[in-house]
Every structure is written in structure tokens, then in C-alpha cells.
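J.: Going line by line, the protein sequences match chains C and Y. This note's numbering puts the first residue of the first sequence at 1, with every later residue one more than the last. This note's numbering puts the first residue of the second sequence at 1, with every later residue one more than the last.
Read the hints as simulated data drawn from the structure, not as lab findings. Remember, it's a predicted structure, so these values are computed and weren't measured experimentally. Any given hint might turn out to be false.
Stated by the list, open to error - SDA-like mimics (lysine to any residue), calculated; alpha carbons at most 20 Å apart, straight line:
#1 Y:171 to Y:112
#2 Y:171 to C:268
#3 Y:171 to Y:275
#4 Y:171 to C:272
#5 Y:171 to C:267
#6 C:173 to C:72
#7 Y:171 to C:266
#8 C:173 to C:76
#9 C:52 to C:68
#10 Y:171 to C:271
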Amino acid sequence: MQLFVEQVINGIANGAIYGALALALVLIFRSTGVLNFAQGEMAMFSTFITWKLTTGGLPVWGAILISMGIAFIAGAAIERTLIRPFEGSNRSPLNVVIVSLGMFLAINSLAQLVFGTDPQRLPSPVPNRRLTILESSNGGINITYPTLMLIAVLIVECIALWWLLQRTKLGLKLRAVAADADSARLHGIKAGSMLMFGWALSAAIGALAGAMVASSRVGFDASLMQTIIVYAFAAAALGGFDSLWGAVLCGIFVGVANSLTVQYVNALDGIELVMPLALILIVLVVMPNGLFGKRTVERV
Amino acid sequence: MTTDQTGADLAPALGVEPLVVEDEAPRTAAAQTLFPPIPAVVTRTRIVIGVVLAAAALYAPWYYGPDINRVLSQAIYLAIAAMGLNLLTGFNGQVSIGHGAFFGIGAFTSAILIVDHGWTYEPTILVSAIFTGLFGLLVGLPALRVRGLYLALVTLGLAVLFPNVVQRFVKGVGGVALLRPPRSAFSSLIGGLADDQWAYYLSLVIMVVLYILAWNLVRGRVGRAMIAVRDQELAAATVGVPVARTKVVTFAISAAYAGVAGSLSVMIDRLADGTNPIIYFQRSIEFLVAMVIGGAATIMGPAVGALILVLLRRNTQNLIEGKEILAPAIYGASLIAIVFVLPEGVVGGVRRLLAALGRRSSAKGRPPTHPIPDDSHD
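Chain Y extracted, bound-state conformation (with noise of 0.2 Å):
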């Protein structure tokens, strides 16, 4: 038995809910003990709702005007730091309102080093996230004393604690914590394309880089050690899964993640901001919303929920005319109803829904609640 599949078979021999891991796995003996056949209907409409989402993605710059082409970047970086939450807070179950921070601290070190330094900006982006993976290790390992709520806690004050320490010690335009790197840094680097048509590209290309890392990493050893001390901290730890190691690690990439996406943000929104005492705490519960939103623990859902969350924080500013101050109400409200109406998130819903056409369709599909069949061990 291969370490590989430590977790799955373990699962029911202590009685844990058993891992359900996700998505097309590869067509080996050992993966089909976690991944049931997914039925040919159900691979088939995947590969079609793929390609068209590809293409409208590489075509939307060139379809909308510079106004859309940001909204759909910050839709992007929002969906990079969402990511990076899923990772800590999906897959590895540690509970953190504190990635705003993260990012804010990604945000900065892209600034800083812009303005104060004269550096061009597309390296920073790698600094930033070094910078705050390091800090996402330095901060994941109290983490591992703290857990659950109290994390959320701690990981909270993280969050409030960010912007005070900006005014602090960052001094822009004026005196106050804002820095503006000049339009110049973030000129198109490729002949043809727009300035906000490359900060599109750029992005897209970063995100589509950082999950498809994502997406091997909780298919491989270290994503389901991951799972295991998410699901039972305890049984992983008495199975050799080495739970400090994985929960700090997990921690570092989760905070690089955020990082990544606050560097972006700078090109995209062309500031750093540290004058809004409670921005990174906004900041944080978006990415927890869009996770929650496109199904926590799967991997295209928080790329589904920033999409929506940004749609809908758009659309619901100019739905009252003269009522712009009730967009954050009705915005709040359709989370509210969303969690309602789809508890395990959109992806979660689909999956769910095509669990069901694949019943139906297939006699020898499996639901995928039901991820060990018992003629598995042949």
C-alpha cells in the first residue's frame, strides 16, 4: 500500500467521514479507490463548459472596454487570494479572517518597492510573495497552538491590527498611508495589447499558473495530508502524517497566495491604501465569502464565487438610483441568501446536480458520496 492512500483507507477503519477528493482523476487502480468513474455524459459536458469558458476568457478584453476589464481583473485577484484561503481554510480546516492582511502586506511590498525603489513592478510580484509566505510561516506557527475559533480570533486582529500599522510607518502623497506608483510602472509589456488589457492577461495568466499548482497539490501527498489533519488531526497524526509540518507549510502557501493577489491588486487598482481602518478586514471576508460562495475544499469554486461576488458588488451599487449607501445591504443580503439557497456552494451545487444526472444517465456511475466502493480492493 503506497502512502498515497493512507487517508482513504483509513477512513473507514476509524469510523471519520471519509475523504472525498475531487474532480478527473487519472484512470489508475489506485485512484479509483478515491475517485468513482465519473460517468462519460459528465466528462463530456465538463470538456465543452471548459473550452467555452477559455475562450470567453482570452476574448473578454478584447469584447469590453477598460471599465469591464478591470472589474474582471479584480474578479482575478480576488479569486487568486480566495484560492489561497480555500487551501488553509477548505482543505486544511484552519479557520483565518486574517488574509486581508496578507494581501495588504503584498500590496505594499509591490508599492514600496515601486516607489520608493524604483523598481519596475512585474518582480515584485515574485517579492511579495516570498515576503509574505515567510510571514505566513512566522504566523502559522502560533497558528498550530490555536485553532478553530480562536484562530478566526487571532487571524481577525491580524486583519484590524494591518491598516494601523500601515499609517504607522508607510508615508505617501500627503502624509497618509496611501501609495500611488506612477501610471509608467504598469505599462503594457507586449506591442498590440492596452495597459488594462495586459494587467487582464498578466493576471489571468497568474491565476490559471497558481491553481493549476493548487490543483496538484491537494491531488498529491502533501494535499492529502492536508485533508487528513483537517478531517481528523488526531488519526493523521498516529498515521505518520506529520500534522506541524502540513499546517505550517499549508499556512505559508495560503499566505503567499493572498500576497500574489495584493501585488496584483496594486497594477489593477493602482494603489496601495492603509487609511480605511477596516479595509483588510473587508478585504478578508471577501476572499471567506467568495470560498464560501463557489464551494469551500474545490478548486474551481473560489474562482466561481470572486466572480460572482464581484458581478454582484458591481451590479448592486447602481440598483437604487440616489440609494448608493444600500449596496452593502443588499449586497449582505443576497450572501445571506446564497448560503441559504446553496450550503455547499455553487460548485458544490453543480456537482451535486450532476451527481444526479449521472445516476440517472449511467448504471455504473457512482454518486460521489459514496467514494470507496466495495470492490475496490480486488
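Here chain C stands alone, though its shape is the one from the complex (with noise of 0.2 Å):
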């Protein structure tokens, strides 16, 4: 019992990633139509930014807010120069997953050309203890304190994003651009420049995340988040693509799925991502527009 619950704490911990990263890949698909990727790569990068900025003697927390803000100016201009030109329904979408494909190839080996080869370490932004709740007899159940900055941080950036979305009037030009474009535009709403606001948030998201994944491990390089993608994908494939808070409450089903996977199915030792991905083929074949997916009618 105790094993089971660390496992799902565990498990709450790693789908808090999958959930911050599936949050932007789905705020990028909600807004340009675009599947990003790169959008691994993306936070990946803006890691090793912010090491590069804590090698320099600034503490863990400053350093990931400025690599937030820094991948907030390249998501924007990302979008700008190389996702813009291939915006608008009369383009084929699948030169866009080319760009982002493209793109996911070249930060991957940017990255290892700028910032070296070898693994680097994060520091953790908080201390590497541990809180022991519901002491009993045999030992209670062990929560590290980066198992609980990650949750938290989760909640916070959740809160954050809803008070933008639904509170502000960004957030509202925000979501009326996503839901009809053109509709925006009609109403005096710049497109344009939400799009990119759009890029540049889910950017910063990434950025958060990729911090978060990198200083909860011994080390990280430039595969840092390519299986926690495929993870994010799941999520946010699981939460139907356009739902901000499915994206996170799948994340963090997928986690604990996988965790528990990995405990306690000795049959799928090696293989675990066999999962998540059961889990999109069940849901989609069942709903297939995930479990919390608008449904579409299809005109002809």
C-alpha cells in the first residue's frame, strides 16, 4: 500500500511534465492549427539556457524566469518568420509538420553544437530532502520536496493561464482568435500578433517545463525531453487537442498510468511507452475526439 501510493506520487510528478508540456502543444494547436513538433526541442534548448545562466552564478529560480522570458521572444519570432508563411487554409498542412520536423532536427543539433555533448547537471530550485506524511509503524510514505515543487508548480502555472484566458481581455482576444480567426478580425482583434503572443506563452511554458524535468534528474543533454514528447502527445492527444485543462489532467494520468505500469506489469519491462499509447488508441477508438474534445459535425 505504501509502495503503491509513493508510485502514484511519483507518477503525479512525472505526468505534472507530460500535462505542462501537452498545456503547450495544445495552446499552439488551439490557436494556429499547428502540431509543434519541436516543441520538446523548444524546451530543451531554453534548459540549457538556463544552466548557462545558473553556471554564471545566478540563482535557479532567476534563471529560469529569464529563460522564459528569453524562449517567450524566440517562440514569437519562431512563429513569425518560419510558421506565418504557412498560415491560412489554402496551405497544405503537412508543409508546416515539415517546418516543425525541420525545426526539431535543427535545435536538436544547435544545441549540441552551442552548449556541448556532455551531460550537464541543473541544480534543483529547491533542497533534496524528503517529508515523510502519515508516519506508522512501517515508515510512512516518503514525498521529496521536488516531487512537490513540481506538483505546485503545475498548480500555479494552471491558475496563471486560466486567470489569462478567462480574466483578462488578452486572454479574450486569445480565444476568440482560436475559435474563428477571421471572425477576430472582423471584430478590430490583431490575429496576427495572438498568434504569436500564442507561440510565445506556450514557448515560456516549455521553457518551465524542460527546467523542471532537468533539475528533478542527475543530468541532462539534447535527448532531455524526446520521450516525454511522445508522453505529452499522449496527453494532450487524450484530452482531445483543444482542451487546455484535459491536456493537464491527462498528463497527469498518463504519469501515474506509466508509473504504476512500470511497478507493478513486469510483462512490459523495456516496453512501458506501449501504455500511453494503448491508452490514445482505446480512447480515440472509442471517442475520437478525446475525452475532452469538442465534437465536430463535418459538412460536405
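Build the complex: two chains, separate frames, hints provided.
T.: Okay, structure coming up:
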């Protein structure tokens, strides 16, 4: 029982990361309809920037904030230069996929070029101690501080995003453009700027997620996000791709399901990835729009 | 009205983008409704280019050394896999990022048969094709319910999962998921041909056969059904196109192409590798990129794209001395650049150019963007 609860908590912590990255994916998908395969690599690059800043003597939290700022600007720049030419309905969506895959390759190798191929260590923003709750005769349940931090960061992130999207004029504009760019334009909203803002925001979220992953590990290199992005895709697909909250919840769900699979299903030893994929497949076969997606009516 | 014309005649009635089927059609009355008359100058150019290319392809392995021959052979198997993907994505509209997995299944089927069961290489190609085809059928069934980006994701998972499965179940030299068939398994069956030349010609013959098959497929009834399903699935269903069967069969055929490519890769690269966790994901990307660069939903596109891709990769590798690590960056950047300059791929771009030339040189020639002339129903 104790082991079970600890595994669930571990799963939630990992799931918080999947959820955060899925959030970034969904944010871009909702506003521009682009599936950004390079999201993980963008996050990885930002993580390296964070690391570089900490080696320069900055405290970790400060470094994370600064690299989020840099990612925000870079995200906007990428949208403006690489994605903008492919927006609009008459362009092939395949070309955007190619662009994002090209970015995937380019960013990955740039990171190796700029920051080297050796594994680096990002200091954890919180002390690596553990907290024991529900103490009993056989030991109680242990939670580490980094785990708590992951969960706390996700919660703060969600609240901030909710506030931004639902309670500010900027968020309203963003949602209007996501719902219908043309109508939004007719109402005087600068749709282009909003799309740029969406990319910038999601790059910043990715930077945060990357720093969280890296700091909870012993070391990280350019392959940091490559498995995680699959789980994030799983979470986003499960959540239905147009629901931010769906992405977060399904991220946590995928994380928990994964850590329980690793712990209890020996038959899947080494191929735990089967689990998120089977989940996506089952959900999509039963509910083609995901768990939280909106149903759409197709017209001929 | 024959079934062959269903798609073409329905398209304007339903207000759908008309089917644009390409290439030299037989000049029958039925065909002329779909295929605009091609200006003579274009046809002549095409024949000349075709003959020159064929001669070059046949002569290449004698001109170059084993090193370049291997690169060219890699372009050939890449072209086969890209054509497989093109059938599925270009002509049938199902986006797959999982063809790397089919490629891997083909590769490991061949490698296992040779290494563990002592087969000679050539028959394993057929076994790989059948095996991956069946597997494609299996994946194609759930794909009926999952479309667009979701399908891309599920198939992406397939590609990422495959190396894990291999690592779990295949134990090669030293216990890692890497199979190296002996050199003797691939020795030339024709005297006078060196091993690398034999590998090249065998791949080339298989590629030509598969491309002709694909060309026939997309011009026939099945092909029109595929295109109709891509352009308007519901409309296709209402006129009696068996949507589910078309999609699943396309998936299976497409997977078999990737499987053959994988099998050939064992001969050319001399190994089947499952040690790198994202290698088959990268393969999937290569296929997709080759298809898009060359021109999706064209016959020559995947081959052109594959050649460009392989040459690009080879030349970016040694472009900057001491900075080999930068190669993928240049490679990625070139991909983005190509998509910017030629959004319809090389073949699409050339075709547009030829159409413009044809319009200028011949008053009778019609632009292919308007495939259904008003006077075609006399």
C-alpha cells in the first residue's frame, strides 16, 4: 500500500511535466492548428539556457525566469518567421509538419553545438530532502521536495493560465482568434499578433517544463525531451487537443498509469511506452475527439 | 458512365476540388475528361528526360565507386519507402509518422531470417513484404476510427515504440538489439557485378517494379477510390466507394512498400539496428520529408525527394570541417528552406513551370489546374 501510494505520487510528479508540455502543445494547436513536433526541443534548448545562466552565478529561479523570457521572445520570432508563411487554409498542413520537424532536427543539433554533448547538471531549485507523511509503524509515505515542487509549479501555472485566458482582455482576444480567426479579425482583433503571442506563451511554458525535468534528474543532455514529448503527445491526444484542462489532467493520468505499469506489469518491462500508446488508441477508437474534446459536425 | 469516371463527374456537382490526376494518360475519350491534353513539347521533353535519366541510372554504378553506390542505393530504398507513404498520405490522405516502424519490421524480418534461420537474402524480401503488409492491415483497422493529426500521433507512437520492442525481444551480437548478417549473404548472384553494383541493380529493379505498380494503382479504379476518399470521404461513401476497405487496403500496401525498403536496407547497410531509441522515428521523418520535397501525390515525387534528401545529407555532413555536429542543423534548415521555396515539392514546381510553358507555346494546351474542360461531354 505504501509502495502503491508512493508510485502514484511519483506518477503525478512525472505527469505534471507531461501535462505542462501538453499544455504548450495544445496552446499552439488551438491557436494555429499546428502540431508542433519541435516543442520538446525548444524546451530542451531553453533548459540549456537556464543551465548556462546558473553557471554564471544566477540563482536557479532567476535563471528559469530569464530563460522563460528568452523563450517567450524566441517563440514569437519562430512564429513570425517560420510558421506565419504557412498559415491560412489553402496551405498544405503537411508543409507545416515538415517545418516543425526541420526545427526539431535543427534545434537539437544547435543545442549540441552551442552547449556541447556532455551531460550537464541543473541544480534543483528546492533542497533535495524528503517529507514523510502519515507516519506509522512501517515507515509512512515519503515525498521528496522536488516532487512537491513539480506539482506546485503545475498548479501555479494552471491558475496563471486560467486567469490569463478567462479574466483578461488579452486572453479573451486569444480565445476569440482560436475560435474563429476571421470573425476575430472583423472585430478588430489583430489575429496575427495573437497567434504570435500563443507561440511565445507556449515556448515559455515549455522552458519552465524543461527546467523542471532537468532539475529533477541527475544530468541532462540534448535528448532530454525526446521521450517526454511522446508522453506529452499522448496526454494532449487523450485530452482532445483543444482542451487545456484536458491536457493537464490527462498528463497526470498518463504519468500515474505509466509509473504503475513500470512497477507492477513485468511483462512490459522495457516497453512501458506501450501503455500511453494503448491508452491513446483505446480512447480515440471509443471517443474520436478525445476525453475532453468538442464534437465537430462535418459538412459535405 | 463507367465507374472510372465517377469521381471526376461528381466533383463539380458537389462543389469539391476536382480530382487532379496526373501524368500521360492514354488518349481515350474517357481519359480526356480527366487528363488535359499535354502539349507536344512537354511530352517530347519528358521522353528525352526519361531516357537520359534511365541511362544515367543504369550507368551510375560503373562510374562511381562502392562508396557512392551505397549512397545511391540508400536513395533507392528511401524512394521505395517514400512511395509507400505517398500512396497512403499523398493519395489517400492518411498521415502516418509510423512508417519507420514498418521499415524496421521489414529490416528485422530479413535480418532474423538470415541470421537465425540461415535463409539466403533474396527470398526474405518477399517474406518481409508480406509480413509488413499483414501488419499494416492490422494497424489500418484502428486507423479507420482515428484520423488526421490523431492518426499521425498514434503512428508516431508506433515508430517510437518499435525500437523498445526490438530491444526487448531481439538479442544480437553482445546481447544488444543489433543484427549483422554475414557478408556472404548478400554476395552478387550475377558474375561480373561487384557486390555493391549487384545491391544497386537489385534495389533499382525492385524500385522500378514497385513504382510501375504504384503508377498503375493510382490511375485505376482503386486509385480513384483512394483519391476520392482523401478529398471527400463522405461524398465518396455516398457514391458507393468502399471507404473502409479502400483505407485499410491502402494502409497494407503502403506498409508493404516500407517493409520492402527495410529489407533492402539490410542488404545495403549490412545491419538491422534497434539500439537507437529514435532511429525509426527519424526514418519516418525521412520518408515524409522525401515525399513532401519531391511532391506529394505525384509518382516521381518520392524518388526525386529521396535523391535530394540523400545527397543533401551526404553533402551537409562534410560541409564544415570539424563541425560535423552541425550537419543536422543545416539539414533541418534546408528542409525548411525547400518547403518555403517549393511548397508543392520539386515535381509540383516543375509541373507548374511546364504548364506555364505549355500555355505559352500551344494555344490548344490547357493548364492542368483546370482538368475538366467544358466541351468534354460532346
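J.: Are the Cα atoms of residue 171 of chain Y and residue 275 of chain Y separated by 20 Å or less?
T.: holds (11 Å)
J.: Is it true that the CA of residue 171 of chain Y sits at most 20 Å from the CA of residue 268 of chain C?
T.: Satisfied, since the Cα-Cα distance of roughly 17 Å is no more than 20 Å.
J.: Is it true that the CA of residue 171 of chain Y sits at most 20 Å from the CA of residue 272 of chain C?
T.: holds (19 Å)
J.: When you check the alpha-carbon spacing of residue 171 of chain Y and residue 271 of chain C, does it fall within 20 Å?
T.: holds (15 Å)
J.: Please work out if residue 171 of chain Y and residue 266 of chain C have their alpha carbons no farther apart than 20 Å.
T.: holds (19 Å)
J.: Is the Cα-Cα distance between residue 173 of chain C and residue 76 of chain C 20 Å or less?
T.: Holds - the C-alpha atoms of residue 76 of chain C and residue 173 of chain C are around 17 Å apart, at most 20 Å.
J.: Would you mind confirming whether the straight-line C-alpha gap from residue 52 of chain C to residue 68 of chain C stays at or under 20 Å?
T.: The hint holds at about 13 Å.
J.: Given the hinted pair residue 171 of chain Y and residue 267 of chain C, is their Cα-Cα distance within 20 Å?
T.: The hint holds at about 17 Å.
J.: What's the verdict on residue 173 of chain C and residue 72 of chain C, does the C-alpha distance respect the 20 Å limit or exceed it?
T.: holds (18 Å)
J.: Does the alpha-carbon distance linking residue 171 of chain Y and residue 112 of chain Y stay inside the 20 Å limit?
T.: Given that 20 Å is the threshold and the Cα spacing comes to 10 Å, the pair holds.
When each numbered hint is compared with the structure, no violation occurs for any of them.
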